[in-house]
Each structure stands twice: as structure tokens, then as C-alpha cells.
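Enquirer: If you read the protein sequences in the order shown, they are chains B and A. Residues 0 to 288 (numbering that gives the first Met the number 0) make up the first sequence, in order. Residues 0 to 322 (numbering that gives the first Met the number 0) make up the second sequence, in order.
Since the hints were made in silico from the structure, they are not lab data. Quantities reported herein were computed from a predicted structural model and do not represent experimental measurements. For every residue, glycine included, the Cβ atom is placed at its ideal position computed from N, Cα and C. Be aware that a few hints might be false.
What the hints assert, rightly or not - Per label pair, the in silico range of CB-to-CB distance: (1) E304/A x K35/B: 31 to 39 Å; (2) A281/A x E69/B: 53 to 61 Å; (3) G293/A x G47/B: 53 to 61 Å; (4) K81/B x A281/A: 46 to 54 Å; (5) T125/A x A227/B: 43 to 51 Å; (6) G111/A x A227/B: 31 to 39 Å; (7) P259/B x D85/A: 56 to 64 Å; (8) N128/A x E246/B: 49 to 57 Å; (9) K289/A x E246/B: 52 to 60 Å; (10) E246/B x G309/A: 51 to 59 Å; (11) P239/B x T125/A: 27 to 35 Å; (12) H91/A x E246/B: 33 to 41 Å; (13) S30/A x K81/B: 36 to 44 Å.
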Amino acid sequence: MAVFRKRTHAPSPKKKDIAAGLWTKCPDSGEMVFTKDLEANWNVFPSGIHDRLPAARRVELLIDEGTWRETDARLASKDPLKFTAGGSYPERVAQHQRKSGLRDSVICGTGTLEGIPVSLAVMDFSFMGASMGSVAGEKVTRAIERALQQRRACIVVCASGGARMQEGILSLMQMAKTSAALARLRAAGLPYVAVLTNPTMAGVMASYATLGDVIVAEPGALIGFAGARVIKETTNQDLPEGFQTSEFLLKRGLIDCIIPRKEMKPRLAKLLRALGPRAKAKPAARRRR
Amino acid sequence: MTTVAKPRFTLEFEKPIRELEDQIAQIRASSEGAGIDASKELASLEDKLEKTRREIYGNLTPWQRVQLARHPRRPYSLDYIQLLFDDFQELHGDRLFMDDESTVGGTAIFEGNPVVVIGQQKGRDTKENLRRNFGCPNPEGYRKALRLMRLAERFGLPIVTLVDTPGAFPGIGSEERHVAEAIAVNLREMSQLRVPIVTFVIGEGGSGGALGIAVSDRVYILENAYYSVISPEGCAAILFKDRAHAPKAAEALKLDSANLVRLGVVDGVVREPLGGAQEDPAATASGIRKTLRGALAELGKLKPEKLLAGRYAKFRGMGVYAS
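Excised from the complex, chain B in its bound form (with noise of 0.2 Å):
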């Protein structure tokens, strides 16, 4: 929080520099924030705020610095629908390509996290909002697989609306290929942990996000299957405060835990030495259920 003591007498922002990014401000406080100094916070307002972290950065919050490798970087979405409805999906595709300058809604690769070597994949939600389609499904499918083969626990920082409606079933698919790939890791005795950020919805959070042997979340983060407005609209019922928050969850058992971004890296570590993967002693064989 050192960052933003330093500025608590600065001038209040001019509009101008507002529009240009100079500025941003905070979703619950309010308050106006120097864009540079946010990003310097990891995208945390000084109200706790945990907003948006692009991929690249949170390869940066996790992994040793020179130790990241990145991997499939050319996998890119193809158009096996044909999709045109409501715009052609190769121009949606190419536009937010260019806008994010990354080729789809994933980065995977391989470091060390505290010298602890990890296959780590993360969804970026500015691309299309991290909608998971063939490339997304392959490449978190690679990261997994990856970490079977080079025995190193596997992390997937997991943020995602859901399926990519525009390839259709395929991307409904990818829910069964990454969950059967999970399977894998799991009778290999290699551990995987899943990151939960803000928001983790539906076909990503009925597979890979809640297959964590241990699943973590940020603070705030909105996570759930079916969207709060569908809920709604079924049952006509109210929602309970704090719906489908990270909170809410950890309340009703279902995450292991919460921990603030910047916490991130020495916690996961923590929990990785606990949970190996070991160099010499052997897992235990798996028990069959």
C-alpha cells in the first residue's frame, strides 16, 4: 500500500487526464486513482478492490523473474462454424487481437514460482471476455499435459464468461478434453491448483476451476455457474447478499481459501511445498475412490 500513501496529497485530476487513462477510478470508493501507480499496485485499489489483471502481468506476479518460458503462443482460433450471426467471428477475433495484442484469451508456459518449477496457464479476460473455445481448451489441455510430462504442479489463474458461443459445441468440448486431462495429473499424484479471479463463470467453472486439488480465490471475484440475471428470471427469487462471490463460496465450503493478489505468490508457494510434487519420494499409488 506503500505506493499510494505517497500521493494521498495530490492534486485531484483534471477530465482531460481522465479520458486519456491518466486516472482511473475505483469501482466502490470512488476515489480517483493515478493509473500508474494502480498498475504498480497490481490493479488493486487502495480500497482492496481487486480489478483486472492482464495475463501478462499476473505471468509476471507469479513467476521468478527470467524464468518464464512461454509456450503454444502461435495457436489461434480458427472459424469451424462459419460463424456470421451478429458479425463475422474471424473479424471479432482480429480486432481483439490487435486491441490486446494477444492471439486468444490464454498464455500458457512453464517457470518457477519461488524456484518451485510450475506449468502455469492464465486467462485473460479482455479477449472477448476469456470466452473458452478450441484454443483456450488446448492450451490450458497443454498445460496440463505439460506438467504430467515434465512432472511440475499445475496452476490455471482461471477468469472466463464461459464457452465461446461462437464455436459452438466445440467449445463445449473443451470442458470434457481439459476435465479428462485433469484426470491424468490426478492419478499421477502431481498437484494442481486453481486461481479463481473475478469472473469465473459456467463452462470454465464446471470443469477445470472447481477440478482444483486445492482452489483459491481472489477477493471479490464474482464466481458461479449460471449467470445471477438466469437465476433470476427462473426462479423469481431474490438473491442472497453477496451472491456468488469469492466470499460467499468460502462461506459455504466450496474453496479452500482467499487470498489477496499480492499474497498470491508466497501463499501458492507455501502450498506447493506442502504438496510436491516431491523429487524422490514417490506419491502414494492412487486409491481408487
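With the hints as your guide, set chain A onto chain B.
Expert: Okay, now just chain A, sitting in the frame of chain B:
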């Protein structure tokens, strides 16, 4: 004695057929009463009716198939279970919270051999639909299904699943008891079950709610059933901000049986009688029987390791991308 014909359920696109049928019935009734020979007129109308039926049912749009998949008289899981199996013994409950009646399952005999069959079940009327939750499983439906699948694995029985759901239930309790986890665990565990699994999508294949019992060695679909990542209405609401554009969304999603084969997501299509499965449930069931017999014979020959490798490869290969 007058017999009152049971009112038939007519979909919008079936109206030309129904009109001709009514016309024929009327002429037949009035000509008989008056002793007039209307056979010529009737023959020509019958001919026209047959042509119209072929014209309409032979060129169904994806949206029309979705409507047939949701037809209130369409055979449901328990209907097919009666038609396909002997000695069905229903087994209830997830052993944790409740018995979710939107999913049924139990032991049964298929052509002399024991299997475990699991199906998603809609209600025939409002009362039954409330009990069956309109075929939308809560987490307990998936947990019951997995419990029965593990039972099958322990006793070496093949598993047959019948998919027919608009989707997993979007409700507060469903979220609180973690429907996402229930589905995800099924996906993971099904990929490792050491017995053959064969799935038929018999009506609605609603997204994760369908996939939750469909990570199988063979996945077949009935001709007018659909299987989709999102409902056409849901897709239209997102793309066009209007659920009324569902027909366009259904077209775009490529959710119909022919397209699903082309995309490599299903292994084959079971033909339905002209007009849909409800026109002749027994004939539809015999198509399923034939397909199931072939699949079980083929899968039954495989050692568990081969079976699992094949199942993994099947889903591992799904997806289209440039590299």
C-alpha cells in the same frame, strides 16, 4: 356414440399438414353421412397430404428440429427404457442430499446382458414436470448419476446414458450445493471409468447439463435432437439482444444432428420416423437398439486400458485451431 378425437399438438410449421388432415377428416365424415362418393377428392387430398409431409419434414430447419426435440409428446428417457430394456430397477438418490427426479437410473437388462442405464427425465404434464424440474438437474442429479456409474464400474457393467435436458438448473440452491463442481467431477471421473459408456442424445442436449453425463466412448444423437453449448434463445439474447431471433441462432450454432456429425462431436445419427420420434416411439427405439447393440459389441471387446485410451483420444482431439 361420438368419439372426440384427442387434440393433437401442432407446431407452427406443421399447420399446413394439420389443415389438410382436418379437411380430409371433414370430407370423409360428411360424405359418409350423406352417402356421397368422395373417394376421388379424398385420394387427391391424401396425395397432397403425403407430399406436404415430405416437403415439410424432409426439409426441417435447425430451429424446427429444436422444436421437435422439445415436442411435448416426444418419447422421454423412461419411455425408451421401457422399450429397450428388461427388468429395469430404478435406484434413487445421491446418498448426500436428495433424490433428484430430473435424472433417473438403475440396473436393467439389454438383450440378455446387465447394464446400468441413466437418463434425464422430463415430465409429461405440469404436475410431473414440477417433480422432474422440467428435466433440469440440480447438483444431486449429477451426483446420483456418478454414484450409479461407479456402481456399474465396480460390477463391470456397461453404462448407457440418455441425454434430454434444457440444461442444469439455474437456481440458488443449485449454486449453493455447487452444480458446477458436480458437473466438472462427472467429466473428470467419466473419463476414467473402466467400463464402456454409450450415450444417446434423445431430445435436448443442453450444454454442460448434457455433457455432465456424456463423456462417453460413443455418443449418438437422434435425428431431430440437438446438442449445443447454449440454448438458441440464450444465444439470441446475447447476439441480437432478442430471444425472438432464436431461429437464426439455432442456424448459426450448428446444433443439429447432421452438423454435429460433421464437426466430429457425435459418432452417428439414429433416424426418426417422418414427423419425429413421437410418431412412432417403438420404431425409434428399435433404431436405438440396433446402434446400441453394435456399440456394446465393439466396446465389449476392448481391455479397459484400450477403452480409456480411446475415450481420452476422442475428447482430446476435439477443437479446431491454427498452430
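Enquirer: Next, verify each hint and record whether it holds.
Expert: Against the structure, the hints:
Distance hint check for E304/A and K35/B: the Cβ-Cβ separation is about 57 Å, which falls outside the suggested range of 31 to 39 Å. Evaluation of the 53 to 61 Å hint for A281/A and E69/B yields a pass: the beta carbon distance comes to about 58 Å. Remark: the range hint 53 to 61 Å for G293/A to G47/B is upheld by a beta-carbon distance near 60 Å. Our hint of 46 to 54 Å for K81/B and A281/A is violated, since their Cβ atoms are close to 38 Å apart.
Separation of T125/A from A227/B is about 27 Å and departs from the stated range, judged on CB atoms against 43 to 51 Å. A beta carbon spacing of about 50 Å between G111/A and A227/B contradicts the range 31 to 39 Å that was offered as a hint. A hinted range of 56 to 64 Å for the beta carbons of P259/B and D85/A is consistent with their spacing of about 59 Å. Taken as a hint, the range 49 to 57 Å is violated for the pair N128/A and E246/B, whose Cβ atoms sit roughly 35 Å apart.
Range check, K289/A to E246/B: Cβ separation about 54 Å, and the 52 to 60 Å hint holds. For E246/B and G309/A, the Cβ-Cβ distance of about 43 Å falls outside the hinted range of 51 to 59 Å, so the restraint is violated. One distance hint, 27 to 35 Å for the beta-carbon pair P239/B and T125/A, holds here, with the actual separation near 28 Å. Taken as a hint, the range 33 to 41 Å holds for the pair H91/A and E246/B, whose Cβ atoms sit roughly 35 Å apart.
In this structure, S30/A and K81/B break the distance hint of 36 to 44 Å, their C-beta atoms being roughly 53 Å apart.
Hint check: violations occur at hints 1, 4, 5, 6, 8, 10 and 13; the rest are consistent with the structure.
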